[in-house]
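Chemist: Residue strings, one per chain:
There are 4 protein chains.
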Amino acid sequence: MSGNSFGKLFTVTTFGESHGPAIGCVIDGCPPGLALSEADIQPELDRRKPGTSRHVTQRQESDTVEILSGVYQGVTTGTPIALLIRNEDQRSKDYGNIAESFRPGHADYAYWHKYGVRDPRGGGRSSARLTAPVVGAAAIAKKWLAQQYGTTFKGCMSQLGEIAVPFQSWEHVHANPFFAASSDADLIASMEEAMDQLRRDGDSIGARIEVVAQNVPVGLGQPIYDKLDADIAYAMMGINAVKGVEIGAGFASVAQKGTQHGDELTPEGFIGNNAGGVLGGISTGQDITVSIAIKPTSSIRTPRRSIDKEGKPVMVETFGRHDPCVGIRATPIAEAMLALVLIDHALMHRAQCGDVSVQTPKLK
Amino acid sequence: MSGNSFGKLFTVTTFGESHGPAIGCVIDGCPPGLALSEADIQPELDRRKPGTSRHVTQRQESDTVEILSGVYQGVTTGTPIALLIRNEDQRSKDYGNIAESFRPGHADYAYWHKYGVRDPRGGGRSSARLTAPVVGAAAIAKKWLAQQYGTTFKGCMSQLGEIAVPFQSWEHVHANPFFAASSDADLIASMEEAMDQLRRDGDSIGARIEVVAQNVPVGLGQPIYDKLDADIAYAMMGINAVKGVEIGAGFASVAQKGTQHGDELTPEGFIGNNAGGVLGGISTGQDITVSIAIKPTSSIRTPRRSIDKEGKPVMVETFGRHDPCVGIRATPIAEAMLALVLIDHALMHRAQCGDVSVQTPKLK
Amino acid sequence: MSGNSFGKLFTVTTFGESHGPAIGCVIDGCPPGLALSEADIQPELDRRKPGTSRHVTQRQESDTVEILSGVYQGVTTGTPIALLIRNEDQRSKDYGNIAESFRPGHADYAYWHKYGVRDPRGGGRSSARLTAPVVGAAAIAKKWLAQQYGTTFKGCMSQLGEIAVPFQSWEHVHANPFFAASSDADLIASMEEAMDQLRRDGDSIGARIEVVAQNVPVGLGQPIYDKLDADIAYAMMGINAVKGVEIGAGFASVAQKGTQHGDELTPEGFIGNNAGGVLGGISTGQDITVSIAIKPTSSIRTPRRSIDKEGKPVMVETFGRHDPCVGIRATPIAEAMLALVLIDHALMHRAQCGDVSVQTPKLK
Amino acid sequence: MSGNSFGKLFTVTTFGESHGPAIGCVIDGCPPGLALSEADIQPELDRRKPGTSRHVTQRQESDTVEILSGVYQGVTTGTPIALLIRNEDQRSKDYGNIAESFRPGHADYAYWHKYGVRDPRGGGRSSARLTAPVVGAAAIAKKWLAQQYGTTFKGCMSQLGEIAVPFQSWEHVHANPFFAASSDADLIASMEEAMDQLRRDGDSIGARIEVVAQNVPVGLGQPIYDKLDADIAYAMMGINAVKGVEIGAGFASVAQKGTQHGDELTPEGFIGNNAGGVLGGISTGQDITVSIAIKPTSSIRTPRRSIDKEGKPVMVETFGRHDPCVGIRATPIAEAMLALVLIDHALMHRAQCGDVSVQTPKLK
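Heads up: the protein sequence lines correspond to chains A, B, C and D, in order. Just so we're on the same page, the numbering used here is the position in the first sequence counted from 1, plus 52. Just so we're on the same page, the numbering used here is the position in the second sequence counted from 1, plus 52. Just so we're on the same page, the numbering used here is the position in the third sequence counted from 1, plus 52. Just so we're on the same page, the numbering used here is the position in the fourth sequence counted from 1, plus 52.
None of these hints come from the bench; they were simulated from the model. A couple of the hints might just be wrong.
Given that identical chains are not distinguished, each listed pair holds provided it fits within a single copy or across any two copies.
Below are the DSS-like pairs computed for lysine-lysine, each with C-alpha atoms no more than 30 Å apart in a straight line [unchecked claim]: (1) K195 / K309; (2) K195 / K206; (3) K361 / K195; (4) K364 / K309; (5) K361 / K309; (6) K364 / K206; (7) K364 / K195.
The structure presented is a predicted model; accordingly, all values stated were derived computationally and were not measured.
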């Protein structure tokens, strides 16, 4: 209820702050009988973790996960799975100078007015570091969904600032530091140059990320409020720095006509996917396609105007180790959120309609 | 849990189908002591109801609301408020021909696979008619928010298909049938012509809607998952036909730099509102600004390819009375959803931090 | 969240006051495909309704239920089922004299301090009349549970004031006005005489009710907080006038030894049922046995000391039409609550462990 | 949703198993600004912990708590508070012989059928050891309630098997190993002798516990389903081994008349407390009084009949270190559950009715 749990039946409750002793989560509702160990979770955490290229924050965190409960003899028991990640690199002195003032674009001002107290070390609770436990939880969700329905998740960056990244193939995503689905060496080079220039300028940039779920069963989602696409929008907009969410054709729908947008059906399947895999809030079995806008990193090495707690003008400059484009590390996070939405709806559907009705799509 | 309730503390549970005997909702959590009668609710329903211009569906519904409970001697008692709206115009014969097949762009296919049974009359539960009880519930929310904090809601259409509608002033919104914030007679005429042409063509078109909440208290929203913007995205994407949601700068953030996007603060207030009134998931006291994409109406008088329940190819043509642009009537609905999100977070904030901490903004 | 909904997956949200225009509920989460009409619900409402013997309130209410939604062509569609019961006999003048003071044993004092406003007509929201919609909702739950697992529900009065009613057979329950599982004519006569005397004295009396669920699947219930017995205790203690709840051996467990209490198992089944069908919060497949204590009716025709809103002493006497023993009509209500708990846990178990794992007991 | 969280606004999610690496909880919804350190929590854990007298289990656990999050510079920040308790004494070999069979009176049979997999080490998730994190969480709740309203909690054992313990004074509770509110040395000696005899016999015994909350604000509780007494019943019945719950007069209400039970009011206050501090599900400001029945420990050193997973008959004898009367350590647990219920309702009331309406009682 107080906003630190995600999901109703596969419920992930996270805890921790950027520079506290530990971060982690409790996963309640994981079905019993799933083979599980840290080795299933660590690779997903490694995809998200900082310090993997020069274009992301150089904070050093091994993000080593420990399973504290819910697994016995290598199998989930149906009871809560607690994941613990100790914080290692807590150079909070980097942040000392902003404890009394509010960094533009950050949660500082809002937290201060809400709670009357604020943990300023690395953004405290509002840090994107808190996506790590979620990625860990989603690794479990992904494994279960893959086993049950063959569902898979993919994601890529489709735009970095002004640079559009045309989709070529998913296979390229892990061959470059940007999650670009492209093998165009010149394009990648231009992205690297743009990032290097930003770092020199002490500035940052936004990005657009696409994520897709494939082999999704038909029938996931609720009719009015917990529509599958509504829950996806909720999940995505809740990721740090996200300012926009699209499903399927998204904002392009505005200029479309009904004869163009509504995907016709044939005995072989839908002939298009403007819907993005969701009609009336319920999955159709087509690919779920989502696009999100990520704002430029707010922490930049350029002095900016702000005020302190007394309302007096100050200049704020952030010296910490920050991603010049938080979008770069956002792909595994967006995949994770999509997986958490889908497993929750899969369990809900099973409650409502029983096991047998959960099926992989008949049509493509 | 099963997706027919909205909100956690100001909870609206709706019921009904497009052509059943009645639609309505139960509102649980309305604070006691609010003066309330049907006269507070009916005007909002009238803004949304069909048949108000030639550009919207000609279905005849008075949408007369009856309060069944929760009010005693003209004042809310803190117990559930039930709203009942009897359906009047139930010409379900218009829909008979599509009972056995799936209309492209509609929920038919997904509902059928989910539930194994489907009410085909006017789309049943998936009809946009079900937004009426929500608009009724939100009228109560709006009244309470206005009294407590002076919060107000405004909305307009900013794009109709290819036609952009530059914002002039809120005062124009009710002077034309499109909720356009413009007094440009030529522009309005071009919109009317576009709509008339669509009707002649048996086609439909998408739209973009903007909604704004003003005088929002600082501090509404939760840190990680029930972020205010996440809940707004959830609320908006859950409106029928919505395919995209933006907060503040939205997708424009992708091409922005950090020096441009992060709104600086001065003792007089924020110097911009790229944030759209939300930082770190929590309201800043600035205007909450939201933009949504609405797809073209799926029900059109043009024959389209589909399949029937047996998977055999059929042609589907919809003859009912439909809005050629569902976006036209979406403005009061989007305002309503925004109001429901805000009252829920206002009550939650009161639970967490007490009454005195809920304040109108100090800065603009 | 605000306390007017019961159940997480089969969620019943009630509305209405004793003397308002109507009472009713919305049932969200009923599985699709269940044959359903008012004829399935009305008989359960008739078992509970007032005026069926001289020992209960003579208020005249037909309690005629109307299904407003969620059923199409005689079958549930998986969407919310709204039940509406119009109030007919609203002689609120009977209650006029207690609008300004607090009746001893009633919710008046607590409501007034909580909400600052109170509907005094017949107790408003706190009236036991509000159990009617719940009984209606539970009729649907009972039908589904019977079809899925063969689960059945039985209840009887086991004590009326000082008069114990030894259990003989369920078949006698409907052959007397007290839901006594006894054919002992002298015992029934003594109960009638006790009730007549109470009416003459303007007094009231308590009662003990037993309810049993048979053919319950193994495995319903959650490990720590939503234990099946915890949810049963919650459901029962929430019934108007209930002051105590026991599962299985109940308070007799206090004086038992471990060698006596713990039900041994043999290949043929458990050799006793001190557990009441629940171990570790999870159903064992044995009968679920529950006993509840119901306090004497607070509304009596004997003047009693109280205070008014200003804190001044007053005498309060209730002249309305009241049950001298609310326990008499409590049996169908207690059965209803038990059914609602079980269907909720059955759906939850299906979510967690899938369809096939929900089984009828292997052992008795 | 999956039964490992308690509370809606002050939500405690626990994790861990008796013999896993750790147990703990995440507390979401603690108001910001509360001074808090481990020193506030440890004393409550110490009251509950094993090994404090020869009459309880000799398992050695320091139950040392670590706060992982939610506190900055000694003050709660409004974000989740994670508590971690490492398990130290995990002599799971004691339990090896019961991995394949079901101990009578234990959760083994039910868990096995529910999940198809079971952690048999010390009862796994079903162990009463899991009450430790709850007691820790409740220490925080108690501190906040004390500061806000002066609310305090007390508890005692009122019956041990056949031995009734007449209440003398709360001051005696900590002067004997039984939480007896008595200074009667003979009585205490008889209890000690009874316990010693049980240990010699390899048997166990039940107990009755009373808990009281004093200085409770008027107005806590919801009208229909989340009644304060219903939530108390839920909380108490959810404690391991509890089989019955009473509020106020409890089962004695059955034989009471209305003229006797309904507590009259005078300008000085209520003249009795049969209600147990709750009317219509809402607190009246009187003491909340609760009584619970605790069954005899199921783990005893006497061979008992059972079956194994294949349904074949076996004899089961438990050799571990067990409390011969689990009721002895139940008092702090019952207090803890009562505190968690009250803080949740206090926050809920604040959401609904605002800060100023939460008041300490005007009447006693």
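Chemist: Where does the structure disagree with the numbered hints, that is, which hint numbers, in rising order?
Modeler: Hints 1, 6 and 7 are the ones this structure does not satisfy, whereas the remaining hints hold.
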